[in-house]
Amino acid sequence: MARPRSRVDLLQGTLDVLILRTLSAGPTHGHDIAKSIRRRSEDVLNVEAGSLYPALHRLEARGWVEASWALSDKGKRARYYRLTPAGRRHLAGEESKWETFSRAMRLVLNAAAQEGE
Amino acid sequence: MSSVLRRILWLFSRRRRQQELDEEIRFHLETERDEREQAGEPAAEARRQARIDFGNVALVREDTRAAWGWTAIEQLYQDLRYAARMMRRSPAFTALAVLSLALGIGVNTALFSFADVMLLRGLPVHDPRTLVRMTWRTPQNEMHGMSRHATSYRDPEVGFTGGVFSYAGYREFQTHSDLFSSVFAYQGTGPLTLNVHGQAEPGAGEYVSGDYFRGLGIVPAAGRAIDESDDRIGAPAVAILSFAFARDHFASVADAIGGTVNINTTPFTIVGIAPQQFFGTDPGKVIDLYLPLHANVRLESSAGAAAARYTEASIWWLEVMARRQPGVSLERAQMELAPPFQHASDDLKVNSRRWTQAPSLALKAGDNGIDSLRRAYGRPLVMLIGLAALILTLSCANIANLLLARAAARTREMAVRLSVGAGRARVARQLVTESLALSCTGGALGVGVAILAQRWMTALVTNGLPPFAVHAGLNGQVLGLALGLSVVTGLLFGLTPALQATSRTTISALKETRAQTAYGWRAAGTRRVLLIVQVAIALVMLMAAGLFLRTLVAYQSIERGYSTDHLLTFALRTRQAGLTARDAIPLFRTLRERIAALPGVRSAGLSDGVLIGDGGSFTSVEPAGREVKESSVVLNVDGGLLSTMQLRLVKGRGIEERDELPGAPPVAVVDETYVRKFFSGVEPIGQYVRMPSEPVANLRFQVVGVVANARVARLTGDREPTVYFPFTAGVFGEVGEMVFVIRTAGDPLSLSSAIRTLVHEADPKVPIARLVTQDSLIEGMFNREILLARLCTAFACLALAIAVVGLYGTVLQDVSRRRSEIGIRIALGAQRGQIVVIVLRELLVVVAIGLLVGVPAALTATRIAEALLFGVTRSDPITLALSIGVIVSTAMVAGFVPARAASQLNPTVALRVE
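Residue numbers (our numbering), protein chains in the order written: chain A, 1 to 117; chain B, 118 to 1031.
No wet-lab data here; the hints were simulated from the structure. Quick caveat: nothing in here was measured; it's all calculated off a predicted structure. Here a beta-carbon is modelled for each residue, glycine too, at the ideal position from N, C-alpha and C. Some hints could be false.
[Said to hold, decoys possible] Far from chain A, some chain B residues (derived; all Cβ distances over 12 angstroms):
#, residue
1, L138
2, N413
3, D484
[What the hints assert, rightly or not] Partial list, computed: chain B residues near chain A (C-beta under 7 angstroms):
#, residue
4, R124
5, G172
6, D180
7, T845
8, F849
Bound-form chain B, shown alone (with noise of 0.2 angstroms):
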């Protein structure tokens, strides 16, 4: 058996060894006394002898110990029993030191693994670092019905970023076998009914080429997957279910397989179940069921459209990955793509009005998947992340400066306990192990604030949808964060105030007076400098948080032309249910009226789509008898929608019930702005429109009325003109889904269930999708921003909370050691106003300087923030003086409490105390 083990298993027996230890001694001593009667000394003489000769017991007993090699361990155990009764001593300060450790901490740990898991984790598929991403650039600014796929944007610096391409481009890709060991295409299948055991619910799948699941390198939880075989026109209709999915509808995942999941009302044969961990190439999409690319033809409304997707080279529609052949780089994969994809760009450009600029193609590595989340938060994270280190910072500086505070105060305790022969570096190592010991509290806690905001954060982002891809969580990275960051913070703090408190001489410390050690003239310019930190920083959350918080009213504020509150939508897909536009307006008509019926619905409309919250439909509405380039916002409506959205109306009528008919005339209601840019000059009311795209081009719409501007389809942006049409006229062909949009006197989402009631009794294969507020669907509009204003008020109120603690604390410090002076003034006759100035002085310098450092910081911090800012420059003075000024106001409160207590001491009682 080693010593070293062996004085481990000792440790365990620790008790019962002292005791032996005791009795050994005791043996010791009764045999030399016994010894020593029997030599014939009298009973009390030896008794006497036997204990001098023995010498100290304690001391032996504790070199004894020694020997036993616990030391280390013991003393550890000593010092953290003598942090803990310190702890427990000032618990205000031990509260507010854990508290603010275990908001940064948390905070910290939050972000960061949040971060971690939308913009640094990889794809959960084989081999991810061999997947290339297919996208193009062109300059172009603007590019017409590309906009709504996640992986097309607008990109400020090189124009217009897309990630779709049309069929023929993707088969292209196909023949670089010598470059790619697999081509796979891909695209979202858009709103779907789903029907398993005649229960029809709202759902979204994938079509996914032949080759997705070999590419990524996926294999099924069950079953098998797609492949080649399934992906053409005329295969069995198969599907594969996502793990979620199956296990939420089947009894076990493997009952699954062979089972029928009704799309639409067709049916598709379960083939396969997708692996648990697998969420397809977008973190942040929810995909219920991956079926075959062509599987659309069967399910898209029109099949001649679906169709012509293979066939038209200008429908640009799918997502296309690959994996890299091995050796093969990224930038020769495109060096060899460029050439022959800028060829057939500039054909199509030739061909098509779309493009005023070639697309160039741009491969972008596929490890991370579509970086539509990437995009959205990865600024906004850096930056918070940022702003938690700052948090953290300041409840480090704040922790430091209290226990300077209290090592102040214990000085003499240390040049006492130094004098005694106690190790300097002993000393040192029991102030870090308190500093330890409150660092490590603060972070157990932080734990469990990091879970509560990732949950709060996970929520926000996926916009209450059930968090699939993006799932944080309690695992060994977070608490090993919390745990190096509690370790780093404790040192952080720990140290300086330990190197100080023993670094003093002892002799000259006992001999100081218990005024003068109360405030040691080092610590207390240590201390001005944090402060004047905790300060600065304060400012610069204040200032952050006053700008998101600005952005978001800007956001909420935009004008809207009609009322929002108090608005309840859902939409019901009459033509997924299989139901004909014959079928589909009378039960539409009919729920409106049992809808507008129910008791707490003040009216109810409807409209193709949603007003705000879901994009929109664009499209040119001309004059009769003129050419526009410029689109409109369409809407298809009822005769109940413009006056549930209590649109005014400016002149002639809106879209009436008549209009719903079946022979009416074909009717349109226009806006201002339609008025102004197309009718200027005009009298509106009278004139037609028509719409140059089938079905109705050769119809024509006679204006009846003109309603005020409301911003519809978009919140931001210019103001479009806007077209409402009866729905019945089906200007985008045959009704297939409508909107209900319901005004109630009360809480709207209190009438779902009627609402449902209704609606099942009325036809229980229609589905009610997307029963919510208009209110938050705008509010998920406006996610991200909500995260940044919240986030960053929190940060500020803390900040702020962290930065009075240590005003106060100092103003106090500053009271007591400057008690006999302030009694002496008093008793010179000084005024009480007088004494409150004297005192407060000092804390104004403090905070003027940390503004003077604050201000250029916060202006030159602001300028991550400037690209997320809306309606608010990132130094906007407002903003700034009012960070300013609740600064200022707090410190003086904060100084004014310990400063009105010291007006008001009592000269002789203070004066006697020395």
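Chain A with its partners taken away, still in its complex shape (with noise of 0.2 angstroms):
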């Protein structure tokens, strides 16, 4: 049955973003992406499960990662995932949109705190 996607929508590029821009470190597994996007973001975006797994399974779709069965440091089969060439263009496109975007927005949010004042 067709679920309410407008979450998913909503955090689909931005988390795109994150997933590739964790993988650029090196291939890990699904679980240590979502920990180290938490642990970088100071545990301010927590990502869960249910749009973790999506989204890496739609970016393997669409080429940018490629996924491999390897041993986990603990000795377990886990499943690593790496970024493709067409993932790194891709992530280099999405960061600069991104930088601008956010330095937009802390210009925006400046001005308006100093007026503020």
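With the hints as a guide, dock the two chains, each given alone in a separate frame, to form the complex.
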């Protein structure tokens, strides 16, 4: 049955960039991706499994990441994701978009704060 | 690798990917739990928190799978599985729906591809569109000697249409090289005796002019074609074999080249083989070999008469086709050719008794070849396709009806689905998938039905001849048509119920009680209309079937004057086998005696033609000393024929064996019509008659007997006077062939092998031609009527069955909807009979409205069939009354069963269910 997609849609662009950025440090598995996003964002961004795995598989389908099975540092079989060259290119483009966007946001917010004082 | 391609590849490793996803999720949960344990949480709490943190595993799994991009395919698969489950759950409904669809789709497909072969497909020759066929027209209604050509026929609108020309006329066309790049002529050879390896057999060929193969653009499969150098008197005797004949008689097709085929004892050298798909210019005709036009001089019994065909302008015998020069339109050719033709035919009219109105030229497009089949079957096929389309409509209406009923029963299911969040489109799609699954199953079976129906119709149309030219079978077109019909019908009967089922307001449907939901009001209205349509269509079908059955019966019950059952006939062509009359007559007489002596044979006789089924000889036989215009049917018979026919003797004696003896005085036997026409008021016995034609113009035949009227030569039309001569008198020239007529005690065909042995022993050079029963020959004359009667009857039964099922289903639904009402009525003391009447009343209203619509529809629709009827008018009141009677009575039966069940309801049980 169809589920409301709004949450996924809202996060989609953001989450994809976060995942790709995490993977640019090296191949890793889903649990680790979620953990490292949480840690790096100082616990602000909590990536739910319900969003993470669909996003990972979607990225795989688009050819931006590749997956293969390998043993984790705990000695268990885990599905490791790796950034593909296409994924790296996509990430570069998305990152610069985000830079522009967040700088613009900051400028607007700062301007608003100064006026308020 | 594109993402679409990747997704498709994933689809093949579907199961593995799902296992991997499960493992991936498990790994995530275990890692989370392990980390929590390491952080000091108790094992149970760590596991619980890991799960809470992860969220709904099933949902994650589903959302991730959605990312694989197969949702549409997966949903289709789900829908199909669900559809299959629904089909299995109501096997009766499924069987009925699939069966009626299979029949509807199958019959439509068969008829259509049949029509395509017979009516639409062009000749298998080079560029058929530039071919022209020459014909002429005259307002004259009767043309003696012409009606036996397949291309010549009486046309009610213009009088008489002819397709044959004189040799000079054909040559005239050839002079117009500015209009035509090629003009060629051809004509059937009539029955031949072919002998390849010492084995004689009957066959048929086509005389073709030197430009025939070049003009049609036919390249032989082997050897060379006939050309101008072959087509002149004195040229070597050569033949082109049809592909099928060569294949059947030689080890390989190429082996035949240079071989010899004996045609009526004359050896012809085989120089070429026609291509496999080529069948001449008439798809209805089977041709074994092609001979140069002028070969007729070698083959015809009278070389003089054969030669006269090339010199006499009054002998019209050649069919002519031409190929237009580039840029020359049919209209221009017609305009330029008509004046010279008119001029020549005006001259002819003056010089010939045959023409009372000079013919005028009419050019026709030649791309379809000769239209004899089209003329006979065009209208019936169009009509049958119309009826088959109606049947399919009926099937669709019926299934839509049943689906509506089922949708009504599933209202709650749909409401629940919609209320838990299923998209309306998704539910509608699921319902449409169900109906498509149904219709495609029907379509698949329909292909089987189509193949069987095609085979049956081909056999009937080609009169049991090997279906050579009109060969219908399973091909891409048939499959495509079946698929197209399946999809269209599936959408047709699936959409309405789907839309109706999903358009109901969710909440109100859930609040309704079971009794209310079982029968939605709007659905009920639609169902009533569908039922009325069904009844009306069933009436049209019954009417059509009734009219064609009555036509067939009328044909078959034409008074013949003698019994045609238990009659076996076959022909022996002695002249074609090289026998002179002196050898042939003793052979015929000996064989007759030996056959008559066979166990199971009552008597045997000889006639110079088949009694009915093959035309006959019409010529004038005059009472001596008078001249009459009217022609009589002439039959040359032996001493055994009249008694074998069991024809009633009115006066005097019949032809007897003593009349066969050499030197016997010339005698004749006439029928009552002849006496009425020419000997009225005179004692016929002892009178003399004569035939003004050679070779007996100077002979006077004494009338020795009068027999009752008998239908010979023709089965319909006015009765012609008939005269019987002893066959040994040779009124048409020397005896060259005779037909044996054998009256048997049991099944006539059981004697075939005994007869074959006898004939072979008597003379192995003479083949048996057309060993068939007289009744099957008569049946062959009514192929079209049999086809129509049987198909229409089948259609009518189908339509009736579909309507009955629809009516039965409605009443059943009605009863279950009104269970409590009926229970209350019974509890309050209503009689059983009253309950039956209450239930049936509604049904009768539907049937009555259906008939009100159907009767005018039937009376209008039968107008199409009018020209095909015989012995019955299209608005025949008996047929109409019977059709109505059948519908009303079957509807009553269909309604009575559930109505009776309702009347026997136990009121306490019925009321407690609510």
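Here's how the hints hold up against the structure:
1. L138: At roughly 8 angstroms from the nearest Cβ of chain A, L138(B) sits no farther out than 12 angstroms, so the non-interface label is violated.
2. N413: Answer for N413(B): holds, closest chain A Cβ roughly 78 angstroms.
3. D484: holds (55 angstroms)
4. R124: holds (6 angstroms)
5. G172: holds (5 angstroms)
6. D180: Result: holds, 4 angstroms to nearest chain A Cβ.
7. T845: At 95 angstroms from the nearest chain A Cβ, T845(B) fails the 7 angstroms test, so the hint is violated.
8. F849: Interface hint status for F849(B): violated (89 angstroms vs cutoff 7 angstroms).
In summary, the numbered hints that this structure violates are 1, 7, 8.
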